[in-house]
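Visitor: On the provided structure of chain A, position chain B as indicated by the hints.
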Amino acid sequence: MREQSVAADYRLTHASTKQFQMARRALNSLQRIIIPGESCVPHDIDVVAKICAHHNHDPAALLEILHDTQEHFGCVSDEAARRIAQDLNISRADIHGVRSFYGDFTRDTDKPKLKLCRAEACQAVGSEELARRLSARGIASETIYCLGNCALGPAAMIGKRLIGRASAELLEAELADD
Amino acid sequence: MTDTPRLFLPRDAAALSVGADGVAAALPQDQLVRTGSRGMLWLEPLLEVDTPDGRIGFGPLCVTDAKRLAETGFPKDHATCLGKVENLPWMKIQRRIIFERCGVIDPLDLDAFKASGGLDGLRAALASNAADIVETVTRSGLRGRGGAGFPAGIKWKTASEATADQKYICCNADEGDSGTFADRMLMEGDPGQLIAGMIIAGLAVGATKGFIYCRSEYPHAIATLNAAIAAWEGRGWLGTDILGSGKAFELKVRRGAGSYVCGEESAMLESLEGKRGQVRVKPPIPALSGLFGKPTIVNNVLTLASVPWILAHGGEAYAEIGHERSRGTQAYQLAGNIRRGGMLEADFGISLRELIEDFGGGTLSGRPLKAVQVGGPLGAYIPADGLDLPMDYEAFAAAGAMLGHGGIVVFDDTVDMARQAEFAMEFCAEESCGKCTPCRIGSMRGAETISKIRDGENVEANLELVEDLCTIMTDGSLCAMGGLTPMPVMSALRHFREDFTSSDAKLRDMVD
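Protein chains in written order, with this note's numbering: chain A, 1 to 178; chain B, 1 to 512.
Read the hints as simulated data drawn from the structure, not as lab findings. Fair warning: there could be bad hints in the mix.
[Claimed, not checked] Listed below are the simulated DSS-like cross-link pairs for lysine-lysine, each with C-alpha atoms no more than 30 Å apart in a straight line:
1. B:Lys252 x B:Lys282
2. B:Lys92 x A:Lys50
3. A:Lys50 x B:Lys252
4. B:Lys282 x A:Lys113
5. B:Lys252 x A:Lys113
6. A:Lys111 x B:Lys275
7. B:Lys92 x B:Lys76
8. B:Lys209 x A:Lys160
9. B:Lys275 x A:Lys160
10. A:Lys160 x B:Lys67
11. A:Lys160 x B:Lys252
12. B:Lys252 x B:Lys275
[To be verified] Derived CB-CB ranges, DEER-like:
13. B:Gly246 x A:Glu172: 55 to 63 Å
14. A:Asn56 x B:Phe150: 51 to 59 Å
15. A:Leu175 x B:Arg339: 27 to 35 Å
16. A:Lys50 x B:Phe150: 40 to 48 Å
17. B:Ile93 x A:Asn56: 45 to 53 Å
18. B:Glu457 x A:Glu128: 20 to 28 Å
19. B:Arg235 x A:Leu175: 40 to 48 Å
20. B:Ala25 x A:Asp178: 12 to 20 Å
21. A:Leu175 x B:Lys247: 48 to 56 Å
22. A:Glu172 x B:Gln29: 25 to 33 Å
23. A:Lys160 x B:Gly244: 34 to 42 Å
24. B:Ala25 x A:Lys50: 16 to 24 Å
25. B:Asp413 x A:Asp178: 31 to 39 Å
Remember, it's a predicted structure, so these values are computed and weren't measured experimentally. Even for Gly, the Cβ is constructed at its ideal location relative to N, Cα and C.
If we strip away everything but chain A, and leave its shape as in the complex, we get (with noise of 0.2 Å):
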């Protein structure tokens, strides 16, 4: 699935304004029959346009965009980063520069939906052995490096629900009721 829409996105890429166009009318098609967060290629685009607006088209408030953008399709695929480029009128490289910088933003839906505080205070606490349990339960994690609950350590992060003294039991039992 991920090759298919690399290879897709391959073609867009390197099609001319017609042949694009036209690819993108068929990607759009198969849009329904997608199986959901398993990538996010292609997807409404409108939505895109829609969040462009929202902002006014400013490039300023590109980190929003790839936020709300983020939020919405769990990923900043490359066919949305070529519509904010676009509605933005900067460049397709800025906007791959900006995602790549910074590690909310991915380019397929392929986020753990636990965050892990590995920082130094969750460290203190057993961080490093609490990621160890889970992976060994086969829960992956994404590493942060802070989630401000220093005090109540080890913490996790579900969505935007905060966890503190996090255990794996714990964490389990908070994905299963997610």
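Guide: Just chain B now, kept in the frame of chain A:
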């Protein structure tokens, strides 16, 4: 006690992280007020019950206890009863200037904010002129709370004297240092204090636009700030005609995106412009050429939040508080392996030992304390026998450490300091913006070399190499990221050399 006393329960993210919402659901909703946190995080969820004698605390609460307490009318003989909150030793020592209302009022209740004198500083500033505001702040001796401790008055004066069609006030709320959470607590517990401080800064330098750059790891703070700004605008306290004065100030919250280096002021400005968070070469300083090339004040949350009190009580009153050249109060955050972790605001000059032993109660694990890291990932490790250090910018600098943002992370004797030094380099490699070579490459080589030392490979020669590398990073980096990474590394090496040299690589291999 009346039959239906008002109940106060924090909605602070730390309290939520240990079940405050569950406790809230078990309490009578019509009596409940959700507040910020008092900072006694080991007692969270901490319920306060209003009585004629003051607020009585119950904590830490679980849902069962909360239900039982609500049914029995909050009896003072319950096991979780702490007595009067104001009388707890942790609270009594404090002098709360910034956190005066935090944990006391609903952070979005503007009437409670106003009734507790929240607008006094702003009103005083509106009645004054720009030069006098700058002068008051200068006289107060207020220094930047972000870590560098630069005098706020000088920064403000520079920006106020610059001529430009637009100036900006940027609040640095990218509190990325591990062990720090005071900014978050204030933004969630009393956002009005920060907003008022930013408007005053705007009046002082002639800026009509402001941004709060808040890290994305703080969704609760972002939500509270946005709600507070909307409420302030709705009341005419913020916008085109602040409190009917005809003065204007526009304020927006911008989210960071998971980059530590964006806490560096010039990287933050780049990020606010929608770019990669790469640091800028200074000069020009932001006060002359900052956001979009315009004169910009960049101050930390706690710096700006100290300003309303200064304006309301005068610069001299603030200057009377503190220690040596560090004036006013500091938010100390006790974190890591500590029995009683949390935030307390007190005068500068209190010793590290008092904070950790008297307030913190020692380590959480009960094992002996081995090291303390003060000032975040770029701060020095201080050994157990070095705790008699007064909390003061100069005293810390003299001891080869830094106060930073006031975060104190405690480690017990199970910590391997060579590993911590390696982590400091790894962290720098991970978070470096990549603009300058000593930081980008140096951190990578540093991590590799310390890894070799931990494996017992050419230990003495490699230690020398690390020291050399640290000197280059300190002297040659563009900003504090690469420039201060050697601080945890070298302090670990200086105080805990045995952790580096007593290589038990084979044993470690077995453990790993």
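Visitor: Next, verify each hint and record whether it holds.
Guide: Going through the hints against the structure:
1. B:Lys252 x B:Lys282: holds (26 Å)
2. B:Lys92 x A:Lys50: violated (52 Å)
3. A:Lys50 x B:Lys252: Holds, at roughly 20 Å.
4. B:Lys282 x A:Lys113: Between Lys282 (chain B) and Lys113 (chain A) the Cα gap is close to 39 Å, so the pair fails against 30 Å, i.e. violated.
5. B:Lys252 x A:Lys113: holds (29 Å)
6. A:Lys111 x B:Lys275: Holds, because 22 Å separates the two Cα atoms, which is no more than 30 Å.
7. B:Lys92 x B:Lys76: Satisfied, since the Cα-Cα distance of roughly 20 Å is no more than 30 Å.
8. B:Lys209 x A:Lys160: Given pair Lys209 (chain B), Lys160 (chain A) holds - Cα atoms ~29 Å apart, limit 30 Å.
9. B:Lys275 x A:Lys160: holds (25 Å)
10. A:Lys160 x B:Lys67: holds (27 Å)
11. A:Lys160 x B:Lys252: Holds. Lys160 (chain A) to Lys252 (chain B) sits at ~21 Å (cutoff 30 Å).
12. B:Lys252 x B:Lys275: Holds, because 18 Å separates the two Cα atoms, which is no more than 30 Å.
13. B:Gly246 x A:Glu172: 55 to 63 Å: At 58 Å between Cβs, range holds.
14. A:Asn56 x B:Phe150: 51 to 59 Å: Given range 51 to 59 Å: violated, Cβ gap about 34 Å.
15. A:Leu175 x B:Arg339: 27 to 35 Å: With a Cβ separation near 29 Å, Leu175 (chain A) and Arg339 (chain B) satisfy 27 to 35 Å, so the hint holds.
16. A:Lys50 x B:Phe150: 40 to 48 Å: Once the Cβ atoms are compared, 42 Å apart, the range 40 to 48 Å for Phe150 (chain B) and Lys50 (chain A) holds.
17. B:Ile93 x A:Asn56: 45 to 53 Å: The hint (45 to 53 Å, Cβ to Cβ) holds, given that Ile93 (chain B) and Asn56 (chain A) are roughly 49 Å apart.
18. B:Glu457 x A:Glu128: 20 to 28 Å: About 23 Å separates the Cβ atoms of Glu457 (chain B) and Glu128 (chain A), which means 20 to 28 Å holds.
19. B:Arg235 x A:Leu175: 40 to 48 Å: Given range 40 to 48 Å: holds, Cβ gap about 42 Å.
20. B:Ala25 x A:Asp178: 12 to 20 Å: holds (18 Å)
21. A:Leu175 x B:Lys247: 48 to 56 Å: holds (50 Å)
22. A:Glu172 x B:Gln29: 25 to 33 Å: About 32 Å separates the Cβ atoms of Glu172 (chain A) and Gln29 (chain B), which means 25 to 33 Å holds.
23. A:Lys160 x B:Gly244: 34 to 42 Å: holds (37 Å)
24. B:Ala25 x A:Lys50: 16 to 24 Å: Between Ala25 (chain B) and Lys50 (chain A), where Cβ atoms are some 36 Å apart, the hint is violated.
25. B:Asp413 x A:Asp178: 31 to 39 Å: Roughly 37 Å apart at Cβ, these two residues keep to the hinted range, so it holds.
Hints 2, 4, 14, 24, counting from the list given before, are not met by this structure.
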